[in-house]
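A.B. asks: Listed below, chain by chain, are the residues.
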Amino acid sequence: MTITVLCKWCPDTEDLEVGSDGSISFERAKWSISEYDRVALEVATSLATEVGEVVAVVAGTSIIDTSMTRKSVLSRGPDRLVMVVDDRLAEADARQSASALAGAIARIGDVDLVLCGAGSTDLFAQQVGIQVGERLGWPTLNEVASVHLTGSSCRVERRVVDEIDTLEVALPVALAVTADAALPRVPGMREILAAGKKPTVVWSLDDLGPPAAVDRASQVVSTVARSHSTRLQVLFEGSPTEAAAQLVGALRHESLV
Amino acid sequence: MDFSLTDEQQLLLDSFQELLDRECSESYIAELDRTHQPATAFNKALSEAGFSSLGFPEEYGGTPADALTLVLLAEKAAHQGLTNGFGGALLQVRDILMFGSEEQKKTVLALYQAGESPFSLCITEPGAGSDDAGMTTTATRADGKVIINGSKTFITGAQEAKYGLVLTRDLENPHPHRAMSMWLIPMDLPGITIHPLEKFAWNNEEFNEVFFDHVEVDPSTLVGEENNGFLQLMKNFEFERVVIAASVLGQAQAAFEDAARHAATRKQFGQPIGDFQLIQLKLTNMAVKLENIRNLVYKSAWMIDAGQPLKTMASMTKLYATQAGFEIADDALQIFGGIGVTADARISRLWRDMRLNRIGGGTDEMMIHTVGRQIVKDFG
Ligand SMILES: Cc1cc2nc3c(=O)[nH]c(=O)nc-3n(C[C@H](O)[C@H](O)[C@H](O)COP(=O)(O)OP(=O)(O)OC[C@H]3O[C@@H](n4cnc5c(N)ncnc54)[C@H](O)[C@@H]3O)c2cc1C
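Top line first, the protein sequences correspond to chains A and B. Residue 1 is where the first sequence starts when you use the working numbering, and the numbers rise one by one after that. Residue 1001 is where the second sequence starts when you use the working numbering, and the numbers rise one by one after that.
Treat the hints with caution; some may be incorrect.
[Said to hold, decoys possible] Pairs of lysine-lysine, DSBU-like flavour, derived with a Cα cap of 30 Å:
| no. | chain 1 | residue 1 | chain 2 | residue 2 |
| --- | --- | --- | --- | --- |
| 1 | B | K1105 | B | K1145 |
| 2 | B | K1199 | B | K1162 |
| 3 | A | K30 | B | K1299 |
| 4 | B | K1267 | B | K1199 |
| 5 | B | K1235 | B | K1044 |
| 6 | B | K1199 | A | K30 |
| 7 | B | K1044 | B | K1105 |
| 8 | B | K1162 | A | K197 |
| 9 | B | K1044 | B | K1145 |
| 10 | B | K1289 | A | K30 |
| 11 | B | K1289 | B | K1105 |
| 12 | B | K1289 | B | K1199 |
[Said to hold, decoys possible] With beta-carbon atoms standing in for the labels, derived distance ranges:
| no. | chain 1 | residue 1 | chain 2 | residue 2 | range |
| --- | --- | --- | --- | --- | --- |
| 13 | B | A1306 | A | L167 | 57 to 63 Å |
| 14 | A | G19 | B | V1288 | 54 to 60 Å |
| 15 | B | A1030 | A | L171 | 47 to 53 Å |
| 16 | B | E1026 | A | P199 | 55 to 61 Å |
| 17 | B | R1094 | A | A170 | 51 to 57 Å |
In short, the hints are calculated from the structure, not lab data. Ideal Cβ positions, reconstructed from N, Cα and C, are used throughout, including at glycine.
Turn these sequences into a full structure, and let the hints guide you.
C.D. replies: Here is the structure:
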C-alpha cells in the first residue's frame, strides 16, 4: 500500500513583516514544512508502520529544490520524496497546486491514500486537499480527526461542530486531517541522518502530462495586513469564579456573547 | 572560513527548538526556579525525542555528534532561558565512557538515556576548592572492600542522582595529582548523608554537602585506574568549559534580546528609551560582546572537532564568556530599570543564574592562572 502526503514548503508566518502601509513581506522569513502538513506526515507514518510505504510530495518553484527541504521532509518519517519543481508554480493558487500534485500522484501510481494538513501555514486556503481528490476523481474528506485502515477501505472520524461522524470510505481516498489529529514527531539526529540517504525524485510539470500544468484561476490584486483592533487590556481580579463572571459580563456589555 | 551550519545541524536545531517550545516554556522554567525543582519533565521529553543519545557511540545505543553540534544545542537550551538544560550530564557520561568498566557504562548510559540524572560529580571539599590537591577524602582497602571517609561540598544534583562520581586522595602519596582515584558510588549506601545548601541562583539544580562516614563499597566501583583519577578528570574539563561558555552565550543572547525589545518599547520623556544614546551604547557593547563570545565558543568547538589541542583556549573561552556574559546580563538589567528586578521579569533570573558561571567549573582567577602561566612559559 502506498500513502502519499502532500507537504507545502512555505515561509514561516511568525517571520512576516508588516510595513507601515500594511504591505506584507516574507523576505526575511525562514522556510519550513507547513505546520499542518507535519500532522499529516505523522498520521501517515503511524499508519504505514502497519501497511506500507509513505511517499511525500512537495510542489513549488526552484526555491524548494534544496537538500534542506529534502532532509527536512524525509526526517519526519516518509520513505521517499517526490518533488515537483517548476517555476511556473510561482505564486500558484490552489487550482494550480492541486493540478500539479494530482499529476504527481497519478505518475507515482497505485496510491491508495492521500493525506494532507488542514491548510497551509502561510495561506490557509483549505482548498488544495479537496481539489486534489476531485482531480483524481476520488472520495475526499476534510476535518478528519483520525484514520484507521481496514483492508480495502478506511474508517475515519470527522469532527463536525459538536458531533463526531464515523465514516467508512472505500480506497483510494484523499483526506485532510485536523491540526490535532496527531502530535508531530520532533526528528532527532538519527532521523535527520537517515533522511539524507532516502531516495528523492524531481519532476517538472512537463514530466506529469498536460493536465498538471494549468493556468491560475485567480489573480492576486493586493495583499495587505488587516488593521488590528485595539486591545482593551482589562484585567479581571478576584477568585476564578468572580473573574469569569466579570469576563462574561464584559463580553455581554460589548455584545460579543 | 565558513561560518555556515550543515543541513543536519540546522535541522537538529530546528527540531530542538520545536521541542523547547513544546516542553520548556518560559512559564515552566519560571516555575522550576520558583519551586526549586529540576527539569524532570523536560529531561524525559529530551530522552523520548532521542536527544539523550547524542554524542556517544552507536554500540551503546548512541548517535555520534560532533562537539560543535553539542555546543549549539547547549546554547539553544540556554537561549530558551533554561540553566544547564543540555550538555552537562552528557559530559559527565563521557567520563564513564572513557574510563568506566562495561558494567559502569551500561548502568550510567541507561539512566542518562532514560532522561534521569546518572550521577553527581563529587570533587570539591570544604578545604579543597580551586586547589583540589588539598582534598582529604580517602578510600582505604580492607577485607576485600573499600572504605570511603570524608566530605564534599557544593555538589550539584547529589540528591537527585542515583550515583556519585567521587574523587578520593591517598594521603600518603606525596604527589597529589598522582594520588587521586575515582569511584562510582551508589548514593543510597549506609554512611552517606546529603545535606542541601541554600543558594540564590540555579534553583533548578540543588547543591549539597555530602558526608561519607565509613562507607563500604565494592572494589569494582573504581573508575579507570587507581591513582589516575585526577588525569581522568582533566580529560573532559576542557570540553566542559566550552559547554559552560556555550550556555552563557545562549543566556546572554536571551538577556540581550529581552533588553533590546524593552528599549524599543519602553517610553520615557516621550520617546522609547532606545532612542537615548546612553542606552544605545549599552546595546552596542552588548552586541559586540555577544559576537566575541560566539566566536570563541564556536572556534573552541571547531578545534575539538578538528582534533587540535585546546591548550589554553578552553580557559580563555570560559573566562571571557562568563565575564562578558554577566556584563551583558547586568547591562540588560540596567536597561530594564525597576521592572527588571521583579520576579516576573526573566532578566532577574538570567542575571542571578549567569553570575554563578564565574565560580562553578573553575573560577575566573583559576582560568587566568592557567592561561597566564602558559603564556609566560611559551615566551620564557
Ligand atoms: C553553582 C556551583 C555548582 C557547583 N557544582 C559542583 C559540583 O557539582 N561538584 C563539585 O565538585 N564542585 C562543584 N562546585 C564547586 C566549584 O568547583 C568550586 O566552587 C570552585 O572550584 C571554587 O572553589 P571554592 O568555592 O572552594 O573557592 P576557593 O578555591 O576558596 O576560592 C575563593 C576565591 O579565591 C580565588 N583563588 C583561589 N586560589 C587562587 C589563586 N591561586 N590565585 C588567585 N586567586 C585564587 C578564587 O578564584 C576565588 O575567587 C560548584 C560551585 C558552584 C558555584
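A.B. asks: It remains to establish, for every hint, whether it holds in the given structure.
C.D. replies: Hint check:
1. A distance of roughly 22 Å separates the Cα atoms of K1105/B and K1145/B; the hinted pair therefore holds under the 30 Å criterion.
2. Distance check on the hinted pair: K1199/B and K1162/B sit about 22 Å apart at the alpha-carbon level, within 30 Å; holds.
3. The hinted pair formed by K30/A and K1299/B meets the criterion: a straight-line CA distance of about 26 Å does not exceed 30 Å.
4. Among the hinted pairs, K1267/B with K1199/B is inconsistent with the structure: their alpha-carbon atoms are about 35 Å apart, more than 30 Å.
5. Taken as a hint, the K1235/B and K1044/B pair is honoured in the structure, with Cα atoms around 28 Å apart against an allowance of 30 Å.
6. Simply put, K1199/B and K30/A have alpha-carbon atoms about 41 Å apart, too far for the 30 Å limit, and the pair is violated.
7. Straight-line distance between C-alpha atoms of K1044/B and K1105/B comes to about 20 Å, which keeps the hinted pair within the 30 Å bound.
8. For the given pair, K1162/B sits about 39 Å from K197/A by alpha-carbon distance, which is inconsistent with the 30 Å threshold.
9. Taken as a hint, the K1044/B and K1145/B pair is broken in the structure, with Cα atoms around 36 Å apart against an allowance of 30 Å.
10. Proposed proximity of K1289/B and K30/A is supported: the alpha carbons are some 26 Å apart, at most 30 Å.
11. A hinted pair counts as satisfied when its Cα atoms are at most 30 Å apart, and K1289/B with K1105/B does not qualify at roughly 40 Å.
12. Under the criterion of a C-alpha separation no larger than 30 Å, the hint pairing K1289/B with K1199/B is consistent with the structure, at around 28 Å.
13. Between A1306/B and L167/A the C-beta distance comes to about 59 Å, which sits within the given range of 57 to 63 Å.
14. Roughly 30 Å separates the CB atoms of G19/A and V1288/B, a value that falls outside the hinted 54 to 60 Å.
15. Range check, A1030/B to L171/A: about 49 Å between beta-carbon atoms, so the 47 to 53 Å window is met.
16. For the hinted restraint 55 to 61 Å between E1026/B and P199/A, the CB-CB distance of approximately 41 Å leaves it violated.
17. The beta-carbon spacing between R1094/B and A170/A, approximately 56 Å, falls within the hinted interval of 51 to 57 Å.
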